[in-house]
Amino acid sequence: MENEQIEKTTAIRLNQLTVAYEAQPVLWNVSVNIPKGRLTAIVGPNGAGKSTLIKSLINLIKPVAGEVDFIFEQTKDENYGNNKNLVAYVPQNGSVDWDFPTTVLDVVVMGRYGHIGWFKRPKKKDKALANEMLLKVGMADFKDKQISQLSGGQRQRVFLARALVQEAEIYLMDEPFQGVDAQTEKIIIQLLKELKTEGKTIVVVHHDLQTVPEYFDEVILINRELIGSGPVETTFTKELIAKTYRQNQTKPWEEE
Amino acid sequence: MDVLSTLFFDYTFQVVVFGSSILGLLSGVIGSFAVLRKQSLLGDAVSHAALPGICLAFILTSNKQMEILLLGALVSGLLATWLIMVIVKHSKVKFDSALALTTAVFFGLGLVLLTFIQKSPNSNQAGLEKFIFGQSSTLLERDVTIMFLVGIVILIVVGIFWKEFKLLAFDQSYATSIGLPVYWMNSLLATLTVIVIVMGLQSVGVILMSSLLIGPAVAARQWTNHLSIMVGLAAFFGCISGLIGTVISSLGRQIPTGPTIVLVISSIVLISMLFSPNRGIIWKMIKNNQRKKEFASQLKKGG
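For the protein sequence lines, the chains are A and B, in the order given.
My numbering puts the first residue of the first sequence at 1, with every later residue one more than the last.
My numbering puts the first residue of the second sequence at 1, with every later residue one more than the last.
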């Protein structure tokens, strides 16, 4: 009975997830349930494996051990590979070449490619949706601009719009507030809260400890291994933060 | 002028020009994706790596038929591409180093084999060295027909997978995340690149083929901010470079076609880099000067 309750409120279930580059583990034995319909921050120092965690959820990095299950509303299939469209990934905006010859609207329409399918071109409906989302992120006036002309914050908003047109159930965002202006930060967080009220699950890699209580409901503290997870009020404590950011973290895989 | 008009009515010449133009066009299209994916030098590795394939095909079959030699080139070109990917994936060696390594090993092997063939008493051996710098006069009607048909297939494939190739070039992580079979799309694009390069070996040669791949794309990028226009323009630049280069090399005696075509496309690149609006160097200088003057006059007014 209790188990069923957990099933219903969990969006992503991580079981003993372990990731290694070469022989060096970067994430060790992470087991955690990410709750459905909540805003969750992944917090930890540089090199703690925050981005790695998100990337390994969607197989951009292959874990060496452990399982990840997604619990969707639209399907009982818990395999990510079969339901990629239901998970929207927002990479760090520094990960692409912004001098690429394309327009803002074009980039947002790319978010529809998974829906459009092979051998077909984007339709009016796809472009209309892209325009609608550009309006939401405050970039409607920029839709025909070449993407190299955008500021860091504007780039991030374009990436968010691209994820929004995907109409996913779960949103995974890698450092969306990195190097963005105050206005962009406000727009993004407002949109994320809106998504939450629609029942979507949002997981954000976050580096600004100050804003965690204001922005998020849940927090996952990691430093190579899981330090703590749960509601911000109970988990985001001085002790656990200190433990997360403690220097010279012992290497968990070398302990007995 | 008389020479030129006789030339243009010459059937053999028409065949050769047509072949070089098709080659340039295809190089422009496929090269655009190579340049945007920052894989310009992959073309260089592949074309150099084709040489041992050509030589081995000749040694094994003692046959100088073009199809057989180019099949050898295709196999060793694909092998080199695969090797580079494997090295990058399974070792700490970076892409550029893997590229340089593979190019050197394959081209070195190719030169050794070429010397071996030339020293052998086989009277049939002459001509393989033409692949170094290319000689488009060796193009036969049958070769050009094959180029034309393969070219049409390549253009259709690019058309069919246009949006996938575009996403792949812009944001590979995101492409993976929405379920695009990135590995297979990468392999497909790499295969198209190798095919275009192999088609160019006969007229442009192994050393300079990569310039024909990169040049049109780099020049086209200067004039537009739209991928479709860039690809179209690159096709156009490649096409006229092939045409003009072949004409020039046919006018003189023993002028290799490869270097001539490359000189033409290089001129187009130079002009584009200097004079294109927005991105051109001269254009930028003029704009900067204007702005400086504006600022100066504003400061005067204010002060």
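Don't read these hints as lab results, they were simulated from the structure.
Remember, it's a predicted structure, so these values are computed and weren't measured experimentally.
Please note that a few of the clues may not be correct.
The calculated label-pair distances, taken between Cβ atoms and stated as ranges, are [what the hints assert, rightly or not]:
| id | chain 1 | residue 1 | chain 2 | residue 2 | range |
| --- | --- | --- | --- | --- | --- |
| 1 | A | 31 | B | 96 | 50 to 58 angstroms |
| 2 | B | 71 | A | 148 | 36 to 44 angstroms |
| 3 | A | 148 | B | 3 | 46 to 54 angstroms |
| 4 | B | 105 | A | 197 | 43 to 51 angstroms |
For glycine and all other residues, C-beta sits at the position ideal for the given N, C-alpha and C.
Verification of the supplied hints:
Checking the proposed 50 to 58 angstroms range against residue 31 of chain A and residue 96 of chain B shows it is violated: the Cβ atoms sit about 40 angstroms from each other. Between residue 71 of chain B and residue 148 of chain A the beta carbons are some 42 angstroms apart, a value that agrees with the proposed interval 36 to 44 angstroms. At roughly 47 angstroms, the beta carbons of residue 148 of chain A and residue 3 of chain B sit within the given window of 46 to 54 angstroms. Separation of residue 105 of chain B from residue 197 of chain A is about 60 angstroms and departs from the stated range, judged on CB atoms against 43 to 51 angstroms.
Against the hints set out earlier in the document, violations occur for numbers 1, 4.
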